[in-house]
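Peer 1: So the chains spell out like this:
Number of protein chains: 2
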Amino acid sequence: MLVGDKSYQTLWLHPEDEQVISVIDQRFLPFEFRVEDLHTPAEVFMAIREMHVRGAPLIGVTAAAGMYLALFQPPDEKEITAWLEEQALYLKSARPTAVNLSMAVDRQLRKILLAPTVEEMRAASKEDLQAFIAEEIDNCRKIGEYGLPLIEEISRHKKGNPVNILTHCNAGWLACIDFGTATAPIYMAHDAGIPVHVWVSETRPRNQGFRLTAWELKQHGVPYTLVTDNACGHILQKGMADMVITGTDRTTLNGDVANKIGTYLKAIAAKANGVPFYVAVPSTSIDWTMDDGAAIPIEERSENEVRFADGFANGKAQAVRLAPLHSPVFNPAFDVTPGRLLTGFITEHGICKAERDDLLRLFPGKVPYIKEK
Amino acid sequence: MLVGDKSYQTLWLHPEDEQVISVIDQRFLPFEFRVEDLHTPAEVFMAIREMHVRGAPLIGVTAAAGMYLALFQPPDEKEITAWLEEQALYLKSARPTAVNLSMAVDRQLRKILLAPTVEEMRAASKEDLQAFIAEEIDNCRKIGEYGLPLIEEISRHKKGNPVNILTHCNAGWLACIDFGTATAPIYMAHDAGIPVHVWVSETRPRNQGFRLTAWELKQHGVPYTLVTDNACGHILQKGMADMVITGTDRTTLNGDVANKIGTYLKAIAAKANGVPFYVAVPSTSIDWTMDDGAAIPIEERSENEVRFADGFANGKAQAVRLAPLHSPVFNPAFDVTPGRLLTGFITEHGICKAERDDLLRLFPGKVPYIKEK
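As they're listed, the protein sequences go chains A and B. Residues in the first sequence are numbered from 17 upward in steps of one, following this note's numbering. Residues in the second sequence are numbered from 17 upward in steps of one, following this note's numbering.
Pulled out of the complex, with its shape left as it was, chain A reads as follows (with noise of 0.2 Å):
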């Protein structure tokens, strides 16, 4: 998508050092516009773990990118193996809560290990990296393909009035490489004429809405206005809303959805005021061993992303403290919808309720893998 007036996606292979993986360093945005080069797993973890790149499909495609950098610095080579496991479950831990991170790690282990040496592995390892990005970006293609006549459907109902759509978070091209998954459908609709407009929340403590979401849309020209998080259930009851579209880090065969806290809130006051509620799901958010979101971990994060809030002022990032010093605090950064909340999801193999049956419909070939008990 473009910054200002040059296309970029959220990580790429460095054009001329194959030994570093370039992304955005999201925690700068929107007030500057930082590029971090990445050269060790170690490096990738703290990405993750400190959010420089979040949202579950780029959590996703940066782990995979850590298994790739982990072959530039092998111990001797008869200890590799051991090595790449040690650095697959190192990369696994950076954080609890997206799917997509263990099965972006575990499908890179899977390539490297068939690879019989370490030049072949990182051949191995960069092509099917590259094959991941395109996979997910074609995903996020695809999801927008799907929800655009969502939305064209609204926009002839309403006439050609804007259709306003409310979000919460970022799942952005931000949080993916290119597109997004809630924003594909809302860009391709504002690309073909449509008339859009995106209540963007703010979505405390980590302010994705605010940050990301806003300035992801001011770059491509899409209307947009901000509400705190509080106001999200006057604008479902009032009617303001045409419909919602999150995005997931992590869903489960039932159709239940781990996001971004304060989802749960939003689902549940648009189903009590009959404003449907999409969810944008790219296979890679499927968990296929896991039956129910109650199973799904729940990542509980520092005091201090609550105690203080990150913004701008005197020409330089800086954060406020917002309470009485010492405050005690609980952070957990996600919360479960359950499916029965929500009007269906947008994946990139078509629409489909948020239910066993009709997400295998989808994905015939997902038969599910159950783990032993």
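There could be a bad hint or two in this list.
The list cannot tell twin chains apart, which means a pair is met if one copy fits it or any two copies do.
[To be verified] List time: in silico SDA-like cross-link candidates among lysine to any residue, alpha-carbon distance up to 20 Å:
id : residue 1 : residue 2
1  : Lys254    : Glu66
2  : Lys142    : Pro348
3  : Lys234    : Phe346
4  : Lys332    : Asp41
5  : Lys127    : Trp99
6  : Lys254    : Arg356
7  : Lys22     : Ile153
Treat the hints as calculated values from the structure; they're not laboratory data.
Go by the hints and put chain B onto chain A.
Peer 2: Leaving out everything else, chain B in the frame of chain A:
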């Protein structure tokens, strides 16, 4: 209530200067404790409008004090009735949602206009202002007494484990004169040795939860934990809150409740998860002329409240910008929670259901005055 070792109320008549009303300037809490002296209706208007004081009961009392101060700067005596009526209209326009404001101003105006001379007007105004303050304190004390058994009962069920109470915004003593509405039963339970723990929700955009409620509870030694507004759905879903208590800015006859933006989302999540939700309602926050919450005017406040976060950095109060420059904002300050989502009201006359008949049972003298259409 205590601030350090000293007992305070939010507003008081200056002991040495009858032309001064003192208030705690709440804009600087929790970082700095400042007292502001108000001398004129214009200063009172600004203090309400710019939220030096806030909270429906305190807004009412402060506006009443504005009428009292108006008596020290009248034009010549034969124009005093017109002057007072003009000041009343002016003060009532400071904020639209809390019904306490217009009720309190009208109450003062009625008392004042019965007196034949300016001197007697001042005496009548002062006497009624002091009575009004005493009544509001008494309302809160009684709300505490009626609410206490609700907490005691949960405590017995939990065999003395802490009762977890979720609140929103600040309906504490800082919103009133003393004790608070939603907090009164909590303080009373704590003082009676019942273990309580309060989930304090941030309450963006003005952060009254983190700034005021957390500060109050900390001063009084009540255990609390900060959570983002987004986290409250997860807390209610996971059974981590035993009950919810909030305040109200205006309650209508059918039991609908206008309160700080975000209350509706908590109520809908509490209802879905079977968590009792009580609203602490002093009768001064009941609009006896309004049948239905849909008619309540919802204040929209400045875009900059949402674009910026106020906090503390480098040893001083400071704001940081949170989003791209010039982002459009929608900032409704209140939402309306339908009475059917609520378990009940805690009033100074006892507990009732959030519905017309049960409300009028508690207040039999209050035959509703229906405005001519």
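Peer 1: Hint by hint, note whether the structure agrees.
Peer 2: Hints versus structure:
1. Lys254 x Glu66: neither (37 Å within a copy, 27 Å between copies)
2. Lys142 x Pro348: neither (35 Å within a copy, 50 Å between copies)
3. Lys234 x Phe346: between (33 Å within a copy, 16 Å between copies)
4. Lys332 x Asp41: Only inside one copy: Lys332 and Asp41 sit 16 Å apart there, 29 Å across copies, limit 20 Å.
5. Lys127 x Trp99: within (15 Å within a copy, 84 Å between copies)
6. Lys254 x Arg356: between (22 Å within a copy, 17 Å between copies)
7. Lys22 x Ile153: Cα proximity of Lys22 and Ile153: one copy only (18 Å, versus 63 Å across).
In the structure shown, a violation is registered for the earlier hints numbered 1, 2, in ascending order.
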